[in-house]
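J.: Below are the chains, spelled out letter by letter.
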Amino acid sequence: MDVDKNANNKTFAAEDETILDVQDLVIKFNLRGQVLTAIRGANMSVRRGETLAIVGESGSGKSVLTKSFIGMLDKNGWVDSGSILFEGVDLAHYKTEKEWLSIRGKKISMVFQDPMTSLNPLKPIGKQIAEVYELHHGMDARCAEQEAIAMLDRVGITEADKRHKQYPHEFSGGMRQRVVIAIAMACQPEVLICDEPTTALDVTIQAQILDLIRSLQAEFGFTTIYITHDLGVVANVADRVAVMYSGKIVECGTAEEVFYDPRHPYTWALLSSLPQLGVKGKPLFSIRGTPPSLFNEIKGDAFAPRNPYALKVDFVYEPPVFEVSPTHWAATWLLDPRAPKVEPPEIIRQLQEAWLVQNTWLSGGATQEPEGASAGAHEETKS
Amino acid sequence: MMAKEKILEVKDLSVDFKVRKGYFRAVDKVNFFIYRGETFGLVGESGSGKTTIGRAIVRINETSEGDILFEGKKINGKIPPELDREVIHKIQMIFQDPMASLNERAKIDYIVSEGLYSIGGFKTEEERKAKVEKALLDVGLLPEFASRFPHEFSGGQRQRIGIARALVMSPELLVADEPISALDVSIRAQVLNLLAQLQETKGLTLMFIAHDLSVVRFITDRIAVIHLGKIVELGKTEEIFSRPLHPYTRALLSAIPLPDPRRERGRKAVVYDPSCHDYSKNKPRWVEALPEHFVLANEAEVEAWTKPFSSALS
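So the protein lines, in turn, are chains C and V. Using the numbering used here, read the first sequence as starting at 1 and increasing by one per residue. Using the numbering used here, read the second sequence as starting at 1001 and increasing by one per residue.
Just so you know, these hints were derived from the structure itself, not from any lab. Ideal Cβ positions, reconstructed from N, Cα and C, are used throughout, including at glycine. All clues given are correct.
Listed below are the simulated BS3-like cross-link pairs for lysine-lysine, each with C-alpha atoms no more than 30 Å apart in a straight line:
(1) K123/C - K1021/V
(2) K1029/V - K1073/V
(3) K165/C - K1018/V
(4) K280/C - K1134/V
(5) K1307/V - K1230/V
(6) K1236/V - K280/C
DEER-style ranges, computed between Cβ atoms:
(7) N296/C - L1253/V: 43 to 49 Å
(8) R288/C - E1104/V: 26 to 32 Å
(9) K165/C - R1250/V: 32 to 38 Å
With the hints as extra help, turn the sequences into a complete structure.
T.: Rendered as structure tokens:
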């Protein structure tokens, strides 16, 4: 297993250029005279060219976090402290719309959840894409239209030269999401943020949209940040996974580490509540209670009141970050050397065991970098 | 399962919608039945007509052909008012979006007892209150919530209210139309557990309409796969999952996202292409290709599709 992790680390070291680095970010909102802390000191970094998935239930702050990258926080929200370094520039200090325009759309684009509401219903779709070319690339109308048609064709809309004149209501949900992706791609962004891109879509269409984003990523080489609560989608697309709870990232690691060897009790709970892993006839595991109110100051670990594995210390002190491997960390007192040994739930143990078996099996043949090699092979199949 | 009594039978059901030029057939000659006490899943993508079937059963959509039999009595088309009342009483529906399906201006007390008002399901005010209280407790809500308004509740709680509203009628058949697709992951598990538990304690029959096969596998006993208004495959859940015959079913199965990165990366989603069928000479029929496993196909297809499994059977 040690050999494995080193190999993993090496593959990351090769492309270790951080494009986006979030440090101790705190975001607050003013709501009806009360101050709500939506992001309570989040830390994460995104490497160029990778796919990072942020997972969490609604209200955990995952949308707020990514909206702060493009200056789209609601008017009553502000970055209280911390930094968002994008290519060396701190976006946390951006104030005016003019400053944001150099980032939003140009460098970082976003695909929103609901394709039904994110398009203008009164404009032909071709025109909505052409606008981007006119605004961001300074093209004339005719040239922009040609580019728009080419982009529609690229995202898989058949007969683009005819259909670009049609209105959003003439397209199905999946097709509309393709149009939204085309608009985002027209800016040729360096980072594409996909906020629940497939939640409003059917399973079959979902697979097609994920494939499309992946092939575009291979072609244009941008970095993708997914926001989702669907762990199936995450397993499909992500290189790395960040698990978010109540405005904090509580666990972060490669997709394999988070899915096969999760350490935070919240990640355990999320995985165990999946119907895919459930046993028929037995109740599914469900997380008790509700997330804490962010109006109040949270003492200790935010997940403690809902956590069956909570220790006494969880209610008093906030857990620091414990490193599991160079690419994997989790913020839970359970990883402290002084903590009592806790057995994770049955389903998680099975995942861990399956992973160990697979790893020894993989490293049995080749001596040096079995994991790196297989990861490389995955990369090829992806592109 | 107990003695297999068919609680609901759908025979050659078609539903047409009037469009600008003539009619659009949303449901096309559909046949299936549901045993008492089981959970029956109806799976398909959006626009396949699965919701239309559910709505036809609760008499929201009018049918244009075929019969729907509930406990042996025809309940579609023109029926006597007493039977209509009985159907309202015994078949209830849970809707997809708990944010849109509750009256924002009514208190929970009224929302839950609205069905009782319409059929006169109580004699005294105390009886009504007791029924509402029981329904709320059954779905894991507190009775004092009755005096609140829907906006005070979270998505999961609102869906529980939707379930309580159906339960208060003490129905025998519950039609659940995508009851969890609008909910968050952690809440999904709670609502699924609740439905499973209610079914067990109250002996309900559940018709579960969904597009998410992973959920369907977890909760249903038998499933029907529907594509463009036609049921293409029907059988026991595990049977369909282990031996999918129709290419559309296989495409659906291949699209289930699994929380397993290694397998996900190697996965290739199959895209269903309806032109793979050659029905020009040989029309497809509804046949029992494997024991208790029905598929819509012609003879040549049945033979080709069942071939890989025939050795396992003999």
